[in-house]
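Visitor: Take the given structure of chain A and dock chain B with the ligand to it, following the hints.
Protein chains in written order, with the numbering used here: chain A, 32 to 444; chain B, 3 to 269.
One should not assume that every hint holds.
Heads up, simulated DSSO-like pairs for lysine-lysine below, C-alpha to C-alpha not over 30 Å straight-line [unchecked claim]: (1) Lys182/B to Lys78/A; (2) Lys182/B to Lys152/A; (3) Lys182/B to Lys68/B.
Which residues of chain A face chain B? A few of them, derived with a C-beta cut under 8 Å, are [unchecked claim]: (4) Arg63; (5) Ala72; (6) Arg326; (7) Gly327; (8) Val328; (9) Val344.
Covered by chain A, according to a simulated footprint, are these stretches of chain B (three or more residues, beta-carbon under 8 Å) [stated by the list, open to error]: (10) 99-109; (11) 129-138; (12) 148-157; (13) 172-186.
If you're looking for bench data, these hints aren't it; they were derived computationally from the structure. The structure presented is a predicted model; accordingly, all values stated were derived computationally and were not measured. Heads up, the beta-carbon is just placed ideally off N, CA and C, and yes, glycines get one too.
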Amino acid sequence: MTVSATPAPKTKFSDLTRMPDARGHFGPYGGRFVSETLSFALEELEKTYLSLRDDPDFQAEFDYDLAHYVGRPSPLYHAKRWSASLGGAQIWLKREDLNHTGAHKVNNTIGQALLAKKTGKPRIIAETGAGQHGVASATVAARLGLECDVYMGAEDVQRQKLNVYRMRLLGARVIPVESGTRTLKDAMNEALRDWVTNVDNTFYIIGTVAGPHPYPLLVRDFNAVVGREARRQSLEQIGRLPDALIACVGGGSNALGLFYPFVEDDDVAMYGVEAGGDGVETGRHAAPLASNAPRGVLHGNRTYLMSDEAGQVSDTHSISAGLDYPGVGPEHALWKDVGRVSYVAANDKEVLEAFRELTRMEGIMPALESAHALAHAKVLAPTMRPDQHIVVNLSGRGDKDIMTVAKIDGIEF
Amino acid sequence: MNRIDQRFSELKQQGRKALIPYITAGDPAPQYTVGFMHALVEAGADVIELGVPFSDPMADGPVIQKACERALKQGTRLIDLMQMVKEFRQTDTTTPIVLMGYLNPIERIGYENFADQAASAGVDGVLIVDMPPEEADEIGPLLKSRDLAAIFLVAPTTSNERAATICAHGEGYLYYVSLKGVTGAATLNADDVAEHLAPLRGMTDLPLCVGFGIRDGATAAEVAKVADGVIVGSALVNRIAESQDAPETIAGQLKSVLAEMRTAMDA
Ligand SMILES: Cc1ncc(COP(=O)(O)O)c(C=O)c1O
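Next up, chain A with everything else stripped away, as it sits in the complex:
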């Protein structure tokens, strides 16, 4: 496990709830590093969002959609059989996989779709890795009658064929991106190029807590419903707060969503699990925090960013398309530095084991992204007592990954 190299124990965790500052900075991270053409659109989005953030009508509309369209609250499920077999802490799964469209991603797209509606833009664009955010975006677009174009790395189009077809059925156009490494970061480059060209009529729905300010803020806010529910459910079902939270971290939206409402609960330990790929020590991974990558600037914010000595962004490797990204949300970068969250990595092999284990022992097939969090639960739970409790964010369901797993098993359909 890699813990922060530069702990700053003096920083009170309560300060973390006052981030970002007015310019979108989380300490040295975050910000708005974009070409000038987009500055206006981001200022406009920030103004719109800040005016609605505390507006009861907007919140009511959001809550209504989450309840009746997404199906919230999602259950907190006690995985008793799996907990017993691991022989340590009790594991509770926050069932974001049961949301409409199958992942936490929809919480954010519902929120951003409401913003798109307020701004009156007739077209939305999105980038996607695993396709979950693309599906969630195509879904809200269908519901609101908006045109929707989704950028997806050509490699991910191959890995996630099922989601590509889902998006097309929903009426979205999926645009394969052939540049660079043909994965999530390149999809985001292309979405930004589209936005800069069509900024007048287009709302860009970013799928994680990255990008330029105000995206890291609003995506966190829209996903924080996960942590608010989990906190309340823990008190009801466990009778107290859990001892630890675990979530996978790609850009970091499901993790921040779960963690944020617990940030001031000093006794609740938090673990963010990045994609270890072939193993962090091999260099073939997507774990900027756990590997202590240098600071860098990409896609509008400063964060930990995997890049070479000349500042060229590195290729990443992961079994899971949704975590295959060289950067990470800027708020996580700060939380690493102040030591609030421990960032660790799970490698592909451990992830597959966890995927199979949960499927066989609990009848729940997790997304490969979420299986990273489960893999760390496998490590952590046995070190804890049976009267201790871990909440794991089961950020999505594994239907989309069946082809990937089948291929590893040597099965062709």
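Guide: Then chain B with the ligand, alone, in the frame of chain A:
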């Protein structure tokens, strides 16, 4: 005096407009870049924008994306650009050079180190596409103290309020992005450009240079009527791409593309 200011004051006296070519350093291979720079000067370049190749050029269209890919394939790094500028300066001590690129390579070698190296190599200005003035607090003073001009972009979407801030921070010249889009996109609309430049005149004495969408003598001449300078990138980089397998022919082609613009602008 900074070479950029010097050059624009000369141009003003002569009643001429600046012609500013952009090429990506290291494209198609690092050993050609300095030769291309000299060729551009011979064809009438007043300032050279030297592109720093980046793995994720978010504001660029396919032409410059591919140029970055070619340059990176040849291993071109920011520190190699410093060597190129040094070499160029051995025989050309007057043509201003602006490094143009994205922030991460600079972030990685460190702002102060970058500013030191750029100044000692003979760079005159720096344009970081993904760094608006709001994010330039830290690097700004480091550039200024070394007489490196911080050049900023103004876009068609920039509000007057923002434009005033940018003008207050900008040095060297203002780079007006003629259209909403990436480099190498559609042709610009000169009337539209003129309309956007007018309010900027009231905010700043900086020369106003226009880039994006200038592809030939005709568009260059049209823009030169309303702006102080014309920036041309993709039209040149396209030639490099087309002749990447015959690199010895490229300098000549760049010269002819640029000379045509020069003639049209000066007519
Ligand atoms: C199910 C699931 N979990 C997690 C992620 C990673 O994103 P984030 O780190 O923003 O939660 C994805 C992204 O596609 C996903 O589909």
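Visitor: None of the hints should be skipped; say for each whether it holds.
Guide: Against the structure, the hints come out as follows:
no., hint, in the structure
1, Lys182/B to Lys78/A, "holds, 21 Å"
2, Lys182/B to Lys152/A, "holds, 16 Å"
3, Lys182/B to Lys68/B, "holds, 21 Å"
4, Arg63, "holds, 7 Å"
5, Ala72, "holds, 7 Å"
6, Arg326, "holds, 7 Å"
7, Gly327, "holds, 5 Å"
8, Val328, "holds, 4 Å"
9, Val344, "holds, 5 Å"
10, 99-109, "holds (count 6)"
11, 129-138, "holds (count 6)"
12, 148-157, "holds (count 4)"
13, 172-186, "holds (count 4)"
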